[in-house]
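Student: Can you build the whole structure from these sequences, using the hints too?
Protein chains in written order, with our numbering: chain D, 6 to 298; chain Z, 216 to 485.
Note that these hints are calculated values from the structure, not bench results. The structure presented is a predicted model; accordingly, all values stated were derived computationally and were not measured.
Some chain D residues judged to face chain Z by a derived CB distance under 7 Å, without partners named:
1) Ser117
2) Gly118
3) Thr149
4) Ser178
5) Leu181
6) Leu182
7) Pro185
8) Ser213
9) Ile215
10) Asp216
11) Pro259
12) Lys264
13) Ile265
14) Leu268
Ideal placement from N, C-alpha and C gives every residue a C-beta, glycine not left out.
In case you want the letters, here they are:
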Amino acid sequence: MAPSVAHALETLARYRANNTRASQETFLKGAELLKSGAAAKLNDEGWAFIEQLMLASIDIGRLDVADRCLQQLADKFPGSSRVEILQGIRMEATEPPNVVLQYYDKLIDADSGNAAAWKRQISVLRRVGKVETAVEELTQYLDTFYNDLEGWLELADIYSSCNLYTFALQSLSHALLLSPQNPFTVLQFAETAYSAGDVPLALKMFLSVIDMDDESTAQEPPRGISVRAWYGIKLCSRRLIRSPTASASKTVVPKNLNKIEELATEQVLLSYRGKDGGGTLSQDIARKWMSSS
Amino acid sequence: MSNEPVSLYLDPQIRDWVLFPITLVMILVGILRHYVVIWLQSSPQKLSRPAIREQRALARSQILRATAANSPVPPSFYTAISRHLSQAFEAGTYLKDGPPKTDAPAVPPNPMSDPAAMDGMMAGMKTQMVMMVPQMVIMGWINFFFQGFVLIKLPFPLTLGFKSMLQRGIDTQDMDVRWVSSLSWYFLNFFGLNGLYRLILGNDNAADSSRDMMASPFSTPMATPGQVQDYNKVFKAERDNLEFAEGIYCWIGNGVEERVLGRYGKLSQP
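Tutor: Here's what the structure looks like:
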């Protein structure tokens with residue numbers, strides 16, 4: 006096997022493992038591999054690769070390639086439910102939504118425990134704007150398959166898009182239970198709580214994000230998710246100092262608010278410090294922006 | 216016994232017509248069995264939505280309880296989920312057939328009456344049959360045709376304790392332990408061919424028969440997925456666990472501001 010082929014295969018396998026949706030690259034690499042005929046030599050991995058290539062080519066609109074991949078998969082695995090779902094995804098690309106919905110209905114009728122078809126159906130429902138039905142189906146789905154983190158996040162997203170932040174918080178709390186180690190879920194919870202008007206709760210959750218970040222210290226400027234969390238802390242603490250609001254979840258407001266605000270300001274400014282002590286201009290802008298209204 | 220006992224002379228025909236055939240037949244039967252088991256394996260049973268829901272309801276409360284001591288969820292949300300689950304378990308909302316009737320008999324469901332459980336058991340029995348029948352046939356074949364045959368002489372000496380292992384079927388007191396009888400050769404193959412199967416058929420093959428001696432379709436009720444459980448009882452028991460968990464519940468957000476301030480060295484200042 007040529008080294009370039011091996012390298013491409015490795016990259017694609019990594020995409021699969023990390024769930025990366027780099028469709029263009031996947032397609033380019035995949036088309037190359039398909040031409041060189043390397044996929045035929047791999048046995049089990051080859052099929053996973055063809056599935057990946059098919060999804061990627063639908064993503065970038067090369068339906069001819071997708072059809073060829075789908076045909077290969079359907080020939081190899083007749084009657085496989087996974088291929089049936091791929092068939093449905095292929096239909097979503099060109100067919101009108103009601104045809105696709107009927108197709109998924111048929112799959113679910115045949116096997117009511119078909120989680121993948123159910124999820125696809127919900128996603129189509131949401132896309133065509135039947136949000137109410139989508140929410141209804143999604144809650145039922147989550148009642149059955151509780152440990153689907155993706156589903157809970159999707160439900161929270163739908164609720165947030167309808168301004169139902171309290172419901173969104175409830176779905177997010179399930180998501181938190183399912184992935185208690187993920188700071189991004191905590192951050193989302195905090196931001197949703199802020200949108201819902203529960204500022205003390207939001208402050209606590211923003212602080213938890215910082216608490217979860219093991220790498221940050223007083224000297225190092227905060228990075229990535231921490232910067233956003235510090236901004237959130239600053240926002241919440243300032244609002245609480247100016248006008249203490251009641252918390253719907255009866256969260257107690259921290260005593261040393263002023264200290265927290267100071268620290269947040271410091272950390273936000275620190276993140277604009279730049280590499281060699283420069284960046285005073287951006288620090289000034291940030292300071293001005295934070296102190297305004 | 217003397218140092219150089221009267222040596223037995225084995226006819227090479229025994230080697231060609233008994234030793235090799237027994238070994239070959241056992242290997243081939245193992246491989247055949249592997250494929251028969253694969254062919255017999257029914258695809259995993261498809262569960263209906265209510266059944267899945269019932270099976271997984273317990274996981275909900277387990278997930279909730281798993282993090283109770285350091286819960287990421289604020290108190291109001293935690294109690295809401297906890298109470299909701301507790302009520303649902305009490306009312307039997309998650310049961311496959313809906314809430315139970317009040318005067319229902321409190322007997323555990325009979326596995327024979329549930330067709331789903333019956334199927335699971337039948338599948339176990341079928342594979343068991345495929346395991347046992349060929350071995351019985353081979354053993355009968357060896358016993359009938361080759362009883363009392365001495366097949367092979369081991370190239371190393373052994374103590375007398377191995378006599379019962381190596382000379383089964385021959386009741387000779389003073390034969391050297393190194394001679395192996397046909398029935399013993401069968402048992403040696405029976406337990407020893409697994410390595411060969413692994414080489415031929417891959418790691419999780421179904422050809423190894425000695426492993427199945429341990430397993431019986433009835434003795435391991437927890438392992439079979441089709442096992443019937445009285446979910447109503449399980450749920451009721453889980454309610455107590457939920458209450459315990461509520462007792463040890465502690466939000467991770469409690470005192471988080473002190474932890475953060477302390478880490479950045481702001482707490483000690485007056």
